[in-house]
Structures are given as C-alpha cells and as structure tokens.
Amino acid sequence: MERFIETLIDGISTGSIYGALALALVLIFRSTGVVNFAQGELATFSVFVAWGLTQAGLPIGLAILATLVLSLLGGMVIERVLIRPVEGKPPLTIVVVTLGLFILLNGLMRWIWGPENRGFDRFLPDNTVTLGGVETSLDAIGTVAVLLIVAGALFLIFQKTRIGLAMRAAAENPEESRLVAIPVGRMLMLGWGMAAVCGAVAGALVAPSLFLDPNMMGPVMIYAFAAAVLGGFDNPFGAIIGGWIIGVTENLAGSYVDFIGQDLKIVVPLVIIVAVLLARPSGLFGSPQVARV
Amino acid sequence: MSALLEIEDLHAAYGPVEVLRGLSFTVNEGEIVALLGANGAGKTTTLRAICGMVRPRGNVRFDGNVVSGMVTEKVARRGIAHVPEGRGTFTSLTVEENLILGAYPKKSSEIDAGLKRSYALFPRLEERSQQRAGTLSGGEQQMLAIARALMSRPRLMLLDEPSLGLAPLVTRELFDALQTVKAEEGTTMLIVEQNANLVLRFADHAHVLETGEIAVSGDSEQLMGDEKMRRAYLGY
Numbered sequence: 007m008e009r010f011i012e013t014l015i016d017g018i019s020t021g022s023i024y025g026a027l028a029l030a031l032v033l034i035f036r037s038t039g040v041v042n043f044a045q046g047e048l049a050t051f052s053v054f055v056a057w058g059l060t061q062a063g064l065p066i067g068l069a070i071l072a073t074l075v076l077s078l079l080g081g082m083v084i085e086r087v088l089i090r091p092v093e094g095k096p097p098l099t100i101v102v103v104t105l106g107l108f109i110l111l112n113g114l115m116r117w118i119w120g121p122e123n124r125g126f127d128r129f130l131p132d133n134t135v136t137l138g139g140v141e142t143s144l145d146a147i148g149t150v151a152v153l154l155i156v157a158g159a160l161f162l163i164f165q166k167t168r169i170g171l172a173m174r175a176a177a178e179n180p181e182e183s184r185l186v187a188i189p190v191g192r193m194l195m196l197g198w199g200m201a202a203v204c205g206a207v208a209g210a211l212v213a214p215s216l217f218l219d220p221n222m223m224g225p226v227m228i229y230a231f232a233a234a235v236l237g238g239f240d241n242p243f244g245a246i247i248g249g250w251i252i253g254v255t256e257n258l259a260g261s262y263v264d265f266i267g268q269d270l271k272i273v274v275p276l277v278i279i280v281a282v283l284l285a286r287p288s289g290l291f292g293s294p295q296v297a298r299v
Numbered sequence: 036m037s038a039l040l041e042i043e044d045l046h047a048a049y050g051p052v053e054v055l056r057g058l059s060f061t062v063n064e065g066e067i068v069a070l071l072g073a074n075g076a077g078k079t080t081t082l083r084a085i086c087g088m089v090r091p092r093g094n095v096r097f098d099g100n101v102v103s104g105m106v107t108e109k110v111a112r113r114g115i116a117h118v119p120e121g122r123g124t125f126t127s128l129t130v131e132e133n134l135i136l137g138a139y140p141k142k143s144s145e146i147d148a149g150l151k152r153s154y155a156l157f158p159r160l161e162e163r164s165q166q167r168a169g170t171l172s173g174g175e176q177q178m179l180a181i182a183r184a185l186m187s188r189p190r191l192m193l194l195d196e197p198s199l200g201l202a203p204l205v206t207r208e209l210f211d212a213l214q215t216v217k218a219e220e221g222t223t224m225l226i227v228e229q230n231a232n233l234v235l236r237f238a239d240h241a242h243v244l245e246t247g248e249i250a251v252s253g254d255s256e257q258l259m260g261d262e263k264m265r266r267a268y269l270g271y
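These protein sequence lines map, in sequence, to chains Y and A.
Everything in the first sequence is counted per our numbering, starting at 7 for the first residue and increasing by one.
Everything in the second sequence is counted per our numbering, starting at 36 for the first residue and increasing by one.
Simulated from the structure, these hints should not be mistaken for laboratory data.
Please read all numbers here as calculations on a predicted model, not as lab measurements.
We treat Cβ as the ideally placed atom computed from N, Cα and C, and that holds for glycine.
It is possible that some hints are incorrect.
Ranges between beta-carbon positions, derived for each pair [said to hold, decoys possible]: (1) A:S143 / Y:P96: 35 to 43 Å; (2) Y:G63 / A:R167: 49 to 57 Å; (3) A:K263 / Y:T167: 19 to 27 Å; (4) Y:R90 / A:Y49: 22 to 30 Å; (5) A:T246 / Y:G224: 54 to 62 Å; (6) Y:A281 / A:R56: 31 to 39 Å; (7) Y:R90 / A:S164: 53 to 61 Å; (8) A:V52 / Y:G224: 27 to 35 Å; (9) Y:A281 / A:S164: 37 to 45 Å.
One chain only, chain Y, in its complex shape:
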C-alpha cells in the first residue's frame, strides 16, 4: 500500500511538470488557435538563461525568478516580431512559423551554449519525509505545489482581473474585441508571454532530474502535448488533469506491470489517450466544435 501511494505521488509530481508545459500549449492554442511546437525549446532556452545566471553567481531561486520575468518579456517579443505578421493567416502558416522557431531556438542554444549536458541545481528541497509509512521527497510535493500556484495565479488573472477578461474576450472573438476598444494584439502578446512563463516553470522543475542540453524538453513536450490532447486542448483545467493522468498511469504501469517496465511505460498513457479520444474526440474537458451550417 505504501509503495502504491509513493508511486502515485511520484506520478502526480511528474504529471505536474507535463501539466505546466501543457498549460503553456493551451494558453496559446486558445488565443491563436494553433499548437506552438516551439514551446519546449522556449522552455529549454529559459532554463539555459537561468543556468547562465547561476553561473554568473546568482543564487538559484533568484536566477529562476529573474528568468520568469525574462521569459514573459521574451514570449511577448516573439509574438510581436514573429507571430503578428502571420496573425489571421491559415493555422498551417502559423504552425510552420512555430516549427521555424523550434529550429531557430534549438540552433541558437547549440551556438551559444554548445551541445554538452550540464547539471541544473535543484531549487526545491530534496529531503525525504515519511508520513504514516509513506516515504516521499519534498521535491515531489513542491513540484505539485508549484503547479498549483501557477494554475491558481492564472485562474485569478483570467477570472478576477479586467485584463484577464479582455484576454478571454480577445481569444473568443478578436474582431468584436476590437469594436469595444480591446487592443487584441497586446492581449495576444501577453498570452505568449504567460505561456513562456508556464514553460519556463516546467523547464526549471524538470531540469534537475534530467541533464540540461538543447534537446532537454523534447520528450517532455510529447507528454505535455498528450496531456493537452487528453484534457481537451482549450481547457487549462483539463491540461493539468491530463498531465496528472499521464504521470500516474505511466508510473503505475512501470512499477506494477512486469512486462512493461521502465522502457515501455510511455505506451500506457498513449493507449489511454486513444481510448478516451475514441469516446470523447475533444478530450475529457474540451468543448466540442460546433458550427452552424
């Protein structure tokens, strides 16, 4: 039983990292209508910036906070410079731009920091605690807490502030938003900035367990994409639940089903996704597309 709960907590913890990156994907999908394939590389880039700041002597916590601010600004600049010119173009055009951004960022990281892996300091405490026989690390609990803080902050911004309301309006109907004097472009910029922050959080959470290199977020991006699909691509809440389901099932299957083991465990959540999508094509919490004809 203890082992089961430990595996569960580990699963929710890794799932939280997928959820954070999935949140970033959902933020951009809701406003721009496309999947930002460069989201993972953006996150890796952010982590490199944080790493650079620690190398320059900044303590890890401060380096990460500074990186979050820089990521917000960076995301906004990318929207303004690269995405704005293709705004309103067919989705495929925008997707190609994000693929270009993926290649650009990946190359840029190799050029600046080289291809070798680096260690990234843990900013959450790594001690283990034992509660009622269940042994777990503060790191795992902290990871979940960080995701919940990020999600809570997003919820407050979108539901309780006027700028969040304007962002929701701009995502739902850009043309009408302009008619009520909402600067839609600035809302999209802010959305990209906030997505970059979510990605940076995911990157900073996962980096201590992996090695920091330009391809670090590649596999995480696949899980995040799966989490967003599972939860419903237009639902932030769904992205988090999707991340947790994937994290938990892959960990449970990896620990309990012998023939699956550590190598095949990724297949399990993917099978679940296929099953869910057969029953609910727009994901668990996604809103189905309805068009009047």
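Since the structure of chain Y is already known, use the hints to place chain A on it.
Positioned in the frame of chain Y, the structure of chain A alone reads:
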C-alpha cells in the same frame, strides 16, 4: 449643429468587387441617421469602413479628425461604438462580463455607473447578469449588444440591422429602448435597417443606398410621405 461624422467620397472594395462608389454624407451631433437599401447596396460596408474593419479610400472624419486608416480599437477608443450585425456578443462570457468589456478602457467608477444605466434601460439584463450571453434569446442578445455599446458613453453609435431576425414585439421593445437612449443621452446614431417603415419613424434623416451610391436622401417624414419614393426604394 456641427457635423460629428463626415464621410467624403468613400470607396471600398472586396477584392475586385467595388461595394462603395464615392459615398458622401454627414451626421450631425445628436442626430439619428438611417441607411436604407437592398441587400448588397453597401450599408454594412459603410459602417465597417467607418470603424476601420475594411480599408476604404476616401475620408472619414470624426469630430474633425481623420479616422480612416486607423485600426478598429483606436477608432472605438475615440468614441464610436459599433453594434455589429447578428448579435455581436461574447457568447461564452456572462452578461455582466460583456457589459464590463463595453467600457474596457474606462475607470471602474464609470463601469459601475454604466452597469446601472444598462440595467435601468434593459431590466431583463439585470435578471440575467450572471448568465452566459450565449444562453440569451435573440432579442436579449441584441439588447445586450446595444447596452454594451452604450457602456463606453459613445459619441456615435453605429447599429447594423438591430431588428434582424427578431419577432415584431421584440423589435418594438428594442426601438422603444433606443428612443429612450435618444431622449435621455442624446447619443448620435447611424443605423442600418432593412425595415424602412420602422426606422423612418425613429430617424431624423435617411439615405437610400443603391449599389454603393446614395440614390435618395431626405428627412424621414419627407421620405415616408413620398409615394413614388416608397414604391421605388423602400418596397412597401
């Protein structure tokens, strides 16, 4: 009376199709002006050109300043509120959120005052303030769209076919409300309508458009009284 809106030699095209061919007219402060005409005459395009949703050639001046060529959100900020055709509301947002967005650039004290005015004008919206706009009836959505436009205390309100698809009783209710706005706030309005009979009783002046040009202009009473005009252009 000074001209609040001046339109001078306005041309607009969708691709190779010319929709407006040299339109000129003015709307004075406090006036209600109607644009009439058949489908495809260019009425909606005229409104869209005024608020920068289509790029026209020619001049649009608002309060003496050229606004043609400005982006829509800037035109809106100047005090032109557009109620688009077909219930322009944010359907996934609540009634109250829709109204708040109508006064997006304003201070929160003005938003509160605006909400009070909206609910006084359309009590039904207050009952449904926490409901999603998409769950309202067609008439209620149109009321919401108008209330939202009024939230910013616009100097000019553009209304695109407010009666479209509404039951006669609802339409009458809507025009009663507009009459109240006219009397109490003195908002200048430019209104596009197919229902000529209805709008001529409301408007001070009217222009009849025909394939992108003004065919006839005049005071509403004069147009209503002219038998020949009615038969030729207004179809009743």
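query: Hint by hint, which ones does the structure fall short of?
result: The structure conflicts with hints 3, 6, 7 and 8, although it agrees with all the remaining ones.
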